[in-house]
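Q: Here's the letter readout for the chains.
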Amino acid sequence: MRIKRDALLGFLMVLPSIIAIGIFVYGFIGWTGRVSLSNWVGLLPNYEWAGLKNYTNLLFNDPRFMVDIRNTVIFTVLFVLGCLILGLFLAVLLDQGLRGEAFFRSLFLFPMAISFIVTGVVWRWLMNPAQGSRISGLNLLFDRIGLDSLINSWHATPTWGIAAIAIPAIWQMSGYTMALYLGGLRAIPDDLREAARVDGASEVEIYRHVILPLLRPVTLSAMIILGHISLKVFDLIIAVAGKQLALDVPAIYMWTTTFDGQFYGRGAAIAMLLLLSVAILVIPYLYYTIRTEAEL
Amino acid sequence: MKRYGLMVLLLLVVLTVASCGNRTATTETDSGSAGEMSETTDSEGTTEESGDTSAETGEVEVFSWWTGGGEAAGLEAMIELFAEEYPDITFNNAAVAGGAGTNARAVLATRLQAGDPPDSWQGHAGQELIGTYVAANQIQPLNDMYEANGWMEVMPETLIPLISQDGNIYSVPVNIHRANVMWTNPTLLAEANVDVPTSWDEFFTACEAIEAMDKVCLAMGEQWTAMHLLETVLLGSLGVERYNGLWTGETDWASAEVTTALESFAQVLDHVNSDASALSWQDAAQLVVNGDAAFNIMGDWVNGYFASSPDSGGLGLTPNDAYGWAASPGTAGTFQFLSDSFVLPVDAPHPDGATAWLNVAGSKAGQEAFNPVKGSICARTDCDAALFDAYLQSAMDDWSSNEVVGSLTHGVVANDSWKSEIDTALGLFLTDRNVESFQSALAAACASIGACQ
Amino acid sequence: MASVTYNNIYKSWGEVKVIKDLNLEIRDKEFLVLVGPSGSGKSTALRLLAGLEEITSGELYIGDRLVNDVPPKDRDIAMVFQSYALYPHMSVYDNMAFGLKLRKMPAAEIEEKVKEAAGMLGLETLLDRKPKALSGGQRQRVALGRAIVRHPAVFLMDEPLSNLDAKLRVETRSQISKLHKRLDTTFVYVTHDQTEALTMADRIAVLKDGMLQQVDSPQVLYDSPKNVFVAGFIGSPAMNFFDATVTGSPEEMYIDTGGFRVRVPQSYVNALRGYGGKKVVFGIRPEDIHSARFTPGGVTGETVRGKVDMQEIMGNEIILYMDTSGSSYTARVDPRERAQIGDEVEVAFNMENMHVFDPETEEAIYA
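Protein chains in written order, with my numbering: chain L, 1470 to 1765; chain D, 22 to 474; chain P, 1000 to 1366.
Hints are computed from structural coordinates only; laboratory data are not their basis.
Keep in mind that a hint or two might mislead.
Said to hold, decoys possible - Chain L stretches covered by chain D per the calculated footprint, using a threshold of three residues with CB under 8 angstroms from any CB of chain D: (1) 1512 to 1520; (2) 1613 to 1621; (3) 1708 to 1715.
Glycine included, each C-beta is placed from N, C-alpha and C at the ideal position.
With these hints in hand, go ahead and build the complete structure from the sequences.
A: Quick look at the structure:
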């Protein structure tokens, strides 16, 4: 009896949050899904059934959405790879028992505390594509130190401008990736490195054959976290470059088409596709994590 | 594993309960969920009910995005006037900052969808307002008010159709801005020995001379300023009649004339600064007065930016000296306008207050209080010219004498949905510069949303 | 095949000296055990040899080669870690093959060597498993296997048995001894457990506070410990020590602990001649204190009466915790001695096996 009462009490305690999440997360997801199947254009709700029209239009008949997908893929690949490589590099550097490690750790982690908007505003100036007499930001630096070949149009570069947006994103999130990797490195017992050393591995081989494979779960977590940030990127692009189609991504399309163009049905469909893409990324990971936890 | 199963099950149960609950709430309570809203607008009851209270309390809530600079000061001046004329009505200034009105409009949409409209709100005169709020049956015609106040006589004849739908006038324009202005750097033009171009062909010739001096010919900013440029090119290339026809369905978007206009637009873009996408309109305009660029095509808020003192965020420059202006190429004698206007909601909580506010907004005194501070001209043609600066005086002359056409970028000729589809087509064009696909996308947008249906 | 030579080796961590002037010669093919309590520097001494720590000063040779600056991978050594340090992401096979793969050995040859080692250790059926799926004993054997396949000149083991349960530890002890015979190579083995040291070692090096106390075969260490520390460390239960005074005359010399008095056998009298009336430390192992009633043949003990404070019945023997007028000691007596706690019992000290130490230097005084 006692146990049953406790369980009931516990359930009642979490019930409000379950209800809140049920309504405000899953309820609204459901509602968005419904809107995405409607013809709602304009200020007022219109739930007229449209079937999958919004989805098929986006996926098969919308050059802008194709631009978005392309931009998202480029951004995601560069951003995730950049963060992983730089983060791992910094973590390995800090793991060498550097003097003042805590200071550097905070230093590298610090950008994460800043919002993407602030990062965007700063990098908007740093990556100012102006050249000639109005040169400024990094281009000015390159000009002054004689690295003229590095001067470029950043995000105003035709076709590949989105790649420039990955730079501030990497700047911001590589510290976080470093922290993840540093945690992973610290969890690897020194014995293993020593064993490998005695086994005949050089320092490089130790990283290749022992450390990196053991960091694979960390890499996976980092990829998931960074990947879903990257799929949802919005504020950074807006802050660096404003609304412009060359740097369009699904989140921006969703926003402009819904609130500027009043295409609520289409906006909801984009939102659902975004949710789906994040889910494809996250659910296998959650499944894996839960299974691993269950094993332990 | 068992526990996770339980959690999922629970969530599903809650989800079902929650969604059912939603539906009941909509019909039974005043929760203001999306589903309920259509009911509110359909039924007259709400209007009457709240109408009763308004007379007693004597309030008016006016919603706008005038929160800074000359706009806010102008609004304050009008509010002062309102207080003098209607001392018994309390004025609530519900201004929302940010995003040049984007945020405010999102807030307004939420309030309207929740059945909680302000008594009056700001909107760009024309289709942006009509397409959104008239289509949603949210605002009422103001023809009686125009008649009673004699506004028909003091506003340009060609303006009225642009702010009307089916003979009904839906808003009271407070101010007028001109879109088709080309800002110039007189010194640079003198050095290059070129006159202010009056056609696009002259413009291209002038560009050669300017670019030979290693200067930018036309300064442009981020994507919306490209749309602003597009509308002036369309107007300059097609002429008034065909331009107006684009928005009424009389001009075929797929026609050869439009092709020519779009090709001109493409050619104009070849003379634009390479970092356009990274610049705000202020940045772009500043290129002209800094001597980096010869021309900039932008609305006449640029004048406010150039002429107002540095304390209020301007550059403190002298008109006709540091900068010059002209109608954009091919548009002389045409006034491409945009306007901020106020509306009367169908279900305003305080309709008396709202009417009082609109009376002030449309009055000579109200517009003379607002416009000199905001840096725009009156929608009325009878304002005192002495209150305005050199540029605005010239604009006032044009406003009363020119033919008036509407701006696309600023909401006069196309509703939000159409404009947003044009914006997408333009964005794609800016990346691929393919005139053919641009034109077919524009034609498709007109067919699916606009006047060509 | 190689010998190992520590020559005036020092190791400091900043101000703290963990190895002080270590001089030690480990012979080719010898099983040498480094033993000492924790903090004695035994593990550090091994890690210096492995190349995992840098030598502060002195010279370290493997064979004739000075290896101070040679990285671990070029020292021709293999090491078994206390934690086993198996690579968790590799199968048993890959764990064992890793070192060989790094040496670019042909795959066929690797397979042959791994199979051979696996056969030796009974791991044939486990080759595809990950370490996570192995028991402690199996992991320990994989760690051994990983070292074996390399055929190193010197085989290093750092407390390899301390994570095993008692029964498995005893089994594995003999397995490692056999392995040593079979591989016929130099083993250096670190442990804090003197039983392991005694049972496995050809020679034992006892360390304390970073200093080498004594190196010798187990029997010599047992019979003739050089100082109080070694005497107390080697042997279980530990040797009894008494603060005592040498009394009497050379003809009839006694050790007086204050609680009892025992006669010094003639063979020791000469050694203690200079200590008449002076303080010494008197030591005697519990196994040299017999029940007076069941004294083995050939032993003539000095009898002492004492009270039984406590007893541990081991079956084949009884360990009595005795007290004689304030002097307490442990005796390993015949199981037939059925004393009860509190009983007065007569025990016999086999004084032929007595030890005496100088109280100042703690060095042994031998006949």
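Q: Next, verify each hint and record whether it holds.
A: Tested hints:
Closer than 8 angstroms: that is the beta-carbon criterion, and the region 1512 to 1520 of chain L has 3 residues meeting it against chain D, so the requirement of 3 holds. Remark: the region 1613 to 1621 of chain L is not confirmed as covered by chain D, as 0 of its residues place a Cβ nearer than 8 angstroms to a Cβ of that chain, below the required three. For the region 1708 to 1715 of chain L, the stated coverage by chain D holds: 6 residues have a C-beta nearer than 8 angstroms to a C-beta of that chain, and at least 3 were required.
Hint 2 alone, counting from the list given before, is not met by this structure.
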